[in-house]
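If you're matching them up, the sequences are chains H and U in order. Per this note's numbering, the first sequence starts with residue 1, numbered consecutively. Per this note's numbering, the second sequence starts with residue 1, numbered consecutively.
No lab work stands behind these hints: they were computed from the structure. Careful: at least some of the hints might be erroneous.
[Said to hold, decoys possible] Simulated crosslink set (DSBU-like; lysine-lysine; CA at most 35 angstroms straight-line):
#1 H:Lys31 x H:Lys575
#2 H:Lys81 x H:Lys209
#3 U:Lys219 x H:Lys209
#4 H:Lys31 x U:Lys219
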Amino acid sequence: MVAQDAHDPHGNDPHGHAVHAHAAPTSFIRKYIFSLDHKVIGLQYYFLALTAVFVGMFLSLLMRIHMIWPTAVLPLVGEIKPETYLSLLTMHGTIMVFFVLTTAPQGGFGNYFLPIQIGAPDMAFPVLNMLSFWTTFVAFVVILAAFFVTGGAPLHGWTGYAPLSALPSAGPGEQLGADLWITSIAIFCVASLMGALNFITTTLDLRAKGMTMMRMPLTVWAWFITAILGLLAFGVLLSAGILLLLDRNLGTSFYVPLVVVNGQIMGHKGGSPLLWQHLFWFFGHPEVYIAILPGMGVASQLLSTFSRKPIFGYKAMVYAIMGIGFLGFMVWGHHMFMSGMSPYSAFAFSIMTMAIGVPSAIKTFNWLGTIRGGRVRFQTPMLYAIGFVSLFVSGGLSGPFLAQPVLDIPLHDTAFVVGHFHLIMGVAAIFGMFAGTYYWFPKMFGRMMNETWGRVHFFITLAGTYAIFMPMHYLGMAAQPRRYSQFTELAYLQHLIPLNRFITYAAIITISAQFIFVINLFWSMFKGPKASDNPWEATTLEWTTATPPPHDNFGGRTPVVNHGPYEYSVPGAPKDYVMQTDPAIVTSH
Amino acid sequence: MATLSSTVTIRNPKAQEPKTGYGSGGTRPPLPGGGGGDYGGNGSPDYGQRLRRTRLGLLVGLVSSSMLFVSFTSVYIIRRGLPTLDDRTGAYVHDWLQVNLPTGLLLVNTLLLVLSSITVELARRQITRQAALAPVQSIPGVSIGKERNFPWLGATVVLGLGFLTGQWMAWRELANRGFYLATSPSSSMIYVLTATHAIHLTGGLLVLLYAVSTELRHKPVEGRRIVVDVTAWYWHFMAFIWIYIFALVEFVR
């Protein structure tokens, strides 16, 4: 026996690949900063995104104020010149899309809850997971640095269209600021690829006994498919970014044709700006689903839990997520109807785009079917899940308009598009994050958030976001262009100024209301009432473990799964919910 | 006899003992399929699992790597077929410049890389055998004789370095023939493709050097096997990618 123990080859693991060969760390740095624990990393992602969302929100506030008071001198930025405005919108879009919509739902909640929900003690590659977060952090620092260099932040919008993005002489922000922007995006791509690798391997290989693919919670399905999308999409953006950096700094001509800037002929020749658009949107459209799919997963989970009913059509939901992910790679051309593409390809892209309506509708009707006839508990997480569905429908319905080349040509680059994607990709995804925060807060911090202030926050935010983004559809149809720093002087837009003013007021109120959330978040973290292990009476594995979960998630136990994820109100069961780990029950049908 | 049978029980991979600390099934073969739940509580996953997991991770990682080469390829092919505006005549012309490749040198490089792929495979098989025999050797009184081990890993490192040097010479030769990075989209693309491949291969080389160093420091063979195994698959993939790139720039000029 003694000889056996001494021989044990795992006592001396040389590579640290082993998931829990390491004991719980004790030093502050290993525990909270360079932690290998997926839960700490998840929180790090979450707070990074929380910081980023306030930066992004502040930038949008400056833009909205500038729109209705063009001469106002604003804090931190001073007088807003046209190029300042372009910098603001570029940084707002980039920070929001990459460091909020991609970071919080996937990196934050996914990291924290995917391993627990499948019954694993950690991610498959904890060291890679840590690297992935810190790489994201570096990317965030690099993009913020763009504000402070000579010339300021770039002007080219979050889409970075060449040749504007490819020529340092194209504008003040296009010098070092643009290089930092591209570098940051490239670093972010690498981080996302590492994260995606970890998510996919973990989901495929670390599921607990009995956790078959078709017993995974829909949140896990959403994170899994999102990771696959990220794996395929971010590599393309990375290569596009590398070529853009070469164009800017080493004189190649991938994206820049023969071009004259301020009377000077640039050294480039023969590049194609459309090449950038193809590569960017091949990433950019899946990116929309990278942002929204985790929100769909959370909504599915919450609607079922708080309606005390099984999710309506679990398999259909899984296949719908897959369908949306697959079609997401087929439709990038619908962002380029204005680029002079052949009408035949435009037609193909248009048909494919409208086909996404099918899985989306399956999801929406299944959500409604889930609530119907349920004993709905209208607690804050549920309110946000319902809000998610509402915004998803409102934002989604304008999609088929924009999917048609004939309608897209007049609506392209107007406020209509801004309203559309903010509702469906921006605010809906943010509602998914709010829903996740209110729902998982007790598990993450061991305390409950304040319910009353949660509801106040919800109703102001819901009304506020509709007040901001719904009128934008109208503004767009009235031909108010997007990305223009000033239009108060234009005669044909004069009658729209009151509506713009209304939107700005709504934005100020909505942004102020977010402080309710932040105060509630931090106050509840320390002062909220203690939470039980399963306050929502939910069924998935994270609610079977202690609150907050121990270092290895299940305190030495190995969960064994006997049930699907959403067994609520099962006839014959003692309670109205059956935990996934409950012993298998034999019911007489 | 009683002692012996208890020993056997502990080595039995099917033992349902709650595993605390470290797993005990050192030679357990990889189990098929995911979701087997073959997790030993809070114990470390055993070596068969770790091997399977690392291989899966590598496979997923290679998908993302492939996307880089796929997008570069599409840029290459699209740009090749794209007419551009001629500034003198104002007409659209096809200005794709055929790069005069140092094909002979590249063939030598290809040979080096294919040879290194063979040596790394031999290294992989050698360490697989060592890992399989390690538990037998630890049984007191059992000897399986002296193994003759050729340093295949070292040979791979040398061949890999040879390939990278050869690529460097190919770039110098391209420059001598007047094809610089910014000369034309065709030459830009050739530099980008080969450099991306070279960076990938350098990463593999560093891991191989790490594996050599763990061997010299007599680290346990199981952990080393995982490193060598996945690096070998990675190396094969990179050899394949190189042949693909070479064929692309050679035949689709």
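Inset, instruction - Could you check the structure against the hints above and give me the numbers of any it violates, in ascending order? - result: Violated: hints 1 and 2.
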